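K.L.:
These are the residues of each chain, in order.
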Amino acid sequence: MTQLRHLLSVRDLDRETAVSILDLAEDMADVATRAVPKLPTLRGRTVANLFFEDSTRTRLSFEAAAKRLGADVITVSAKGSSVSKGESLKDTSQTIAAMGIDAVVLRHGASGAARVLADSGWIDAAVINAGDGTHEHPTQGLLDAYTMRKAKHGDGSRGADLDGLRVTIVGDILHSRVARSNVWLLQTLGATVHLVGPETLLPQGVDGWPVTSGTDLDAALDDAPDVVMMLRVQSERMLAAYFPNEREYARQWGLDDVRLARLAPDTMVMHPGPMNRGLEISSAAADSARSLVLDQVTNGVSIRMAVLYLVLSGSGSTAGSEHTSGLSV
Amino acid sequence: MAARTVLQQADITRALTRISHEILESDHGADLVILGIPTRGVLLAQRIGAILEQLAPGTAQVGALDVTMYRDDLAKQPTRTPSPTLVPSGGIDGKTVVLVDDVLYSGRTIRAALDALNDLGRPRAVRLATLIDRGHRELPIRADFVGKNLPTSHSQRIYVKLLETDGQDLVAIFDEEDHG
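Note that the protein sequences, when read in sequence, are chains D and Y. Using the numbering used here, you'd call the opening residue of the first sequence number 1 and step up by one each time. Using the numbering used here, you'd call the opening residue of the second sequence number 1 and step up by one each time.
Quick caveat, the hints were computed from the structure, so don't treat them as lab data. Just so we're clear, the structure is a prediction, and the values are computed from it rather than from any experiment. Even glycine gets a Cβ: it sits at the ideal position worked out from N, Cα and C. Treat the hints loosely; a few may be bogus.
Unchecked claim - As a list, the in silico DSBU-like pairs of lysine-lysine whose alpha-carbon atoms are at most 35 Å apart:
hint: 1; chain 1: D; residue 1: Lys67; chain 2: D; residue 2: Lys90
hint: 2; chain 1: D; residue 1: Lys85; chain 2: D; residue 2: Lys152
hint: 3; chain 1: D; residue 1: Lys150; chain 2: Y; residue 2: Lys76
hint: 4; chain 1: Y; residue 1: Lys76; chain 2: D; residue 2: Lys67
hint: 5; chain 1: D; residue 1: Lys90; chain 2: Y; residue 2: Lys76
hint: 6; chain 1: D; residue 1: Lys38; chain 2: Y; residue 2: Lys76
To be verified - Computed footprint of chain D on chain Y; a stretch qualifies when at least three of its residues, placed anywhere within it, have a C-beta under 8 Å from a C-beta of chain D:
hint: 7; region: 70-77
hint: 8; region: 81-93
hint: 9; region: 119-127
In isolation and in its complexed conformation, chain Y is listed as follows:
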């Protein structure tokens, strides 16, 4: 498999630090709720939350938002296993919610996440942070905070590996043909 490494551990840390600064800049003074989308979005949200805690203690709470039950492809895909949704104790009403995902692609996951948020409460604003934006949007959705824009073709795949689940921090791109 001819994988090309796009981001190393230091790059990922730098990108998340920059995103954290940008979040504070754009919504300074706001009550922030950082919600990660399982699985790796949750880990990224926790890292962003930790950085925010250093930069501006007490401004942000971290949680997880599972979108499985809101997807539009449930009948077409094999059964997916939902993960728990964890909303910080203060809820999301009146807060600024930052959704965090690892890769932004078609935008359908985010569409599902917006529907899921709708059932949880009414945030003051919703922002989107993603580590990788690989293009090919199928819906009018864009990210507010992007770690790296990565132009890809449909046949390519993006690996996001994180220390907590995969033993190392790494983003790599590889061609589908190489995979088989």
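Chain D with its partners taken away, still in its complex shape:
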């Protein structure tokens, strides 16, 4: 199996590697159903959650994943740490590295922060990108792909990709690292992606992405996509006015009760959370039988277990061929 040194971007993953991560996550999900939902695999390893930005589900999800694999977890969040006193990424990471850390899970407001930390030589630990600015959120992309694959193939999902799946991603594409990770990973896995949002929230470079895009949500829903993924309106990143007001946004780009009723019964409704109920998604849509929002959260733990296993197991050196086929030692 491909060994990962870091996980910084889904664009580093080819189809085979991506599918193998999803398969591994299936094994991890089986663990959760056992009497003792815990593995001793990463016993003695320490994972540091380094969160320079607010997060609930990603931080807790990584924490749960590391603990289920037997690792120890240290969590540093910007508020309540020396980061709020102005300590730099370099100093903070070197400080925790000096305490003996095997992997750093980094959430940072600057795009490319995880890559900088991985390439800098400041620390030896494996780096997992848990969201960097408006760039990427690889484990979210993986857990979304996992959730779609599971909903489509059920128990027969092992080894499958997402060939032919049609995914519509709606809303604040401009600020969304979730959308970027999804676009590239879904394309790698064979799905087609259509982006919908107000003109002001579609990135300028969207022509260079392997997607189609538009501004009319109703037209997009007329095409009966397999998946409708609603994105959170990221008010905290919006320094200018991108749309007239919230009511206007909800009316044009929100998944409201009327639009929900138009969806086919097997259409998957997804949202990376946290949801602004009544803005991009109505309560009825969020809580409907089509909604996979809570599956996404559950699957997130399995995906993060798989990723932690891949970056923390193995000899660290280039993986050699240990087993020749048919050989038992």
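With chain D's structure known, arrange chain Y on it following the hints.
P.N.:
Below, chain Y without anything else, positioned relative to chain D:
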């Protein structure tokens, strides 16, 4: 490569049949769960399960037990890919579990398997069946049912080929020097 064939297809079938009889003899009347250790142990477990089904219908269930996540060498070896663990619907609590592997060597795989079992439940007893016991144990572990004892040196390697994965049933031994 100077490989010496140790077991042919008929020998393997005979060994598995004898092991199946021995399993029934030693735990007659017990609820049996035959758990194979991936990859080839799973196939051997399925064959033993099929033989048991003929000898004593309904006594045994077959499954697979992946031990990757319980190994003690994860940090020293290239990343291993786990296989699914499949436990029969009745679970393993109170059952007699027979672990099945193709080759018993250091015993570390079985140590990992015992830890993995521990997280799945509490069997009444755990037995170990192996097609080949090649010696060189590093842990106090022994097999209850052995297809063939095969004294080897550390530099030798054992091939176990099975019809399902390799197109033929064969056990062969060869010297490492010949390999390179």
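K.L.:
Each of the hints needs a verdict: does it hold here or not?
P.N.:
Now for the hints, and whether the structure bears them out:
Proximity of lysine 67 of chain D to lysine 90 of chain D is assessed by CA-CA distance (about 26 Å); at most 35 Å being required, the pair is judged to hold. With a CA separation close to 48 Å, the supplied pair lysine 85 of chain D and lysine 152 of chain D exceeds the 35 Å bound. As the CA atoms of lysine 150 of chain D and lysine 76 of chain Y are separated by approximately 33 Å, the hinted pair is consistent with the 35 Å bound. Taken as a hint, the lysine 76 of chain Y and lysine 67 of chain D pair is honoured in the structure, with Cα atoms around 21 Å apart against an allowance of 35 Å.
As the CA atoms of lysine 90 of chain D and lysine 76 of chain Y are separated by approximately 29 Å, the hinted pair is consistent with the 35 Å bound. The hinted pair formed by lysine 38 of chain D and lysine 76 of chain Y meets the criterion: a straight-line CA distance of about 22 Å does not exceed 35 Å. For the region 70-77 of chain Y, the proposed coverage by chain D is satisfied: 5 residues have a C-beta within less than 8 Å of a C-beta in that chain, meeting the threshold of three. For the region 81-93 of chain Y, the stated coverage by chain D holds: 5 residues have a C-beta nearer than 8 Å to a C-beta of that chain, and at least 3 were required.
As drawn, the region 119-127 of chain Y meets chain D at 3 residues by the rule of a beta-carbon pair under 8 Å; at three or more, the given contact holds.
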